[in-house]
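Undergrad: Residue-level listing of the chains:
2 protein chains.
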Amino acid sequence: MHVTLVHISIKPDCRAEFLEATRINHEASVEESGNRRFDVLSDPEDATRFVLYEWYDTPDDAVSHKKTGHFETWRDTVAPMMAADRELEVLRGIYPIW
Amino acid sequence: MHVTLVHISIKPDCRAEFLEATRINHEASVEESGNRRFDVLSDPEDATRFVLYEWYDTPDDAVSHKKTGHFETWRDTVAPMMAADRELEVLRGIYPIW
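The listed protein sequences derive, respectively, from chains R and B.
FYI, the working numbering numbers position 91 of the first sequence as 91, with every residue one higher than the one before it.
FYI, the working numbering numbers position 68 of the second sequence as 68, with every residue one higher than the one before it.
Read the hints as simulated data drawn from the structure, not as lab findings.
Treat the hints with care, as some may be off.
One copy or two, it doesn't matter: identical chains are merged, so the pair holds either way.
[Unchecked claim] Subject to a maximum C-alpha distance of 20 Å in a straight line, what follows is the list of computed SDA-like cross-link-like pairs (lysine to any residue): (1) 11 with 92; (2) 11 with 94; (3) 11 with 28; (4) 11 with 1; (5) 66 with 30; (6) 11 with 48; (7) 66 with 4; (8) 66 with 89.
Work out the full structure, taking the sequences as your base and the hints as a guide.
TA: Right, dumping it as structure tokens:
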């Protein structure tokens, strides 16, 4: 029930590379223990803005995500594409009950 | 791939009634055609703030949601509990691909 919205702003002309790196991270993250959602969303009015919607059973599961190889690869791959620091919004998942 | 984040602010002392009405709406909404997510989230630092995370296959599916009996019942039940107008943020779902 540990949910994080990650607000991302990328530099122009990075969209295809960002989405490819993020697709790979998404596909590995949904296989993690404790992961319930790892959705990738875009702003239809601004091609440089994205949101990751991540639901983990516990805060520890979310911490473990940041120790995985696929997260580290994603983080390092997209680092030069970032237009600003990522902003995290932490929420508590109530429904569904898993 | 039509995603909406609904930001909700309720009056104090409405939390239990709001959550019960929203649970019923959640359980019916996830059975709708085209629905992929209807998650209910709360702000851990402010008991009066909630977010609904709704993913529908198409914008028409989201429009149809607002014509259902369970949505209308929820809307009318929670109307007196609202501390402010609900704020909608529309996004496009990219991953997962359904």
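Undergrad: The structure should be examined with respect to each hint, and the outcome stated for every one.
TA: Structure-based check of each hint:
In the homo-oligomer, the alpha carbons of residue 11 and residue 92 lie at most 20 Å apart only across protomers (19 Å), although the nearest pairing inside one protomer, at 30 Å, exceeds that limit. For the identical chains of this complex, residue 11 and residue 94 are inter-copy neighbours only, at 19 Å across copies versus 35 Å inside a copy, given an alpha-carbon limit of 20 Å. With identical chains, the CA atoms of residue 11 and residue 28 are never at most 20 Å apart, being 25 Å at best within one copy and 40 Å at best between copies. Taking the closest pair of Cα atoms, residue 11 and residue 1 never come within 20 Å of each other, the shortest separation being 32 Å inside a single copy and 24 Å across copies.
Only within a single protomer do residue 66 and residue 30 lie at most 20 Å apart by alpha-carbon distance; the minimum there is 13 Å, versus 30 Å between protomers. When the C-alpha separation of residue 11 and residue 48 is checked against a cutoff of 20 Å, the pair qualifies only within one copy, where the shortest distance is 6 Å, while the shortest distance between copies is 36 Å. Only within a single protomer do residue 66 and residue 4 lie at most 20 Å apart by alpha-carbon distance; the minimum there is 13 Å, versus 27 Å between protomers. In this assembly of identical chains, residue 66 and residue 89 lie within 20 Å of each other by CA distance solely inside one copy; the values are 16 Å within and 27 Å between copies.
Checked against the numbered hints listed earlier, the structure breaks hints 3 and 4; every other hint is satisfied.
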